[in-house]
Amino acid sequence: MIDLDRDYWGFNARWRLQTEWRSGQLNLSAGLAGDRQPDLRQGFENFVGSPLNQSLGVPGRLKPDETNRATTLDAYLRASWQREDWTLEGGLRRVNARYSSDEVFLANGNQSGATRFSGCLPVVGVRWQLAPQL
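As numbered in the UniProt record's numbering, residues 1 to 134 make up the sequence shown, in order.
Careful: at least some of the hints might be erroneous.
Here are the simulated distance ranges between beta carbons [as the list claims (entries may be wrong)]:
#1 Arg94 x Met1: 35 to 43 angstroms
#2 Leu52 x Phe105: 42 to 50 angstroms
#3 Ala13 x Ser101: 37 to 45 angstroms
#4 Gly10 x Leu52: 46 to 54 angstroms
#5 Ala30 x Asp3: 40 to 48 angstroms
Hints are computed from structural coordinates only; laboratory data are not their basis.
C-beta atoms are modelled at their ideal positions from N, C-alpha and C, and glycine is treated no differently.
With the hints as extra help, turn the sequences into a complete structure.
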């Protein structure tokens, strides 16, 4: 059995520009996005009593008691330029993520820890519209 208390919040702030450039439509955007999700998690045995006299399906002893967090913070840039039936697109996103777990119930050893991931995600593309109705 688990008692889970989860919260979540995030934001996305973006700047955008649309303008004519070199006989085409230029769209630029840049932004910053972030998320945070903390979880307070307590796990309980699904029984009480001794092996010969158990009551099943009721909360028993506390097992895990932990706080888990996931946090992200990303910056991004995007550009597209459309001229007639051709569109050129490109973008870059810098990703930063952190995951952590803090354990309070230490009877089975401390399993707390944290890890981070980061990287850049580029994208480039060319699009050709075969017909106006597609």
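Verdict for Ala13, Ser101 (Cβ pair) under range 37 to 45 angstroms: Hint violated: Cβ distance 29 angstroms, outside 37 to 45 angstroms.
Supplied distance hint 42 to 50 angstroms, evaluated on CB atoms of Leu52 and Phe105: violated (26 angstroms)
Hint check for Asp3 and Ala30 - Cβ pair distance inside 40 to 48 angstroms: For Asp3 against Ala30, whose Cβ atoms are near 42 angstroms apart, the range 40 to 48 angstroms holds.
C-beta pair Gly10, Leu52: status relative to the range 46 to 54 angstroms that was hinted: Holds - the Cβ-Cβ distance for Gly10 and Leu52, about 51 angstroms, lies within 46 to 54 angstroms.
Whether the CB-CB distance between Arg94 and Met1 falls inside 35 to 43 angstroms: holds (41 angstroms)
Violation of the numbered hints given earlier is confined to hints 2 and 3; the remaining hints are satisfied by the structure.
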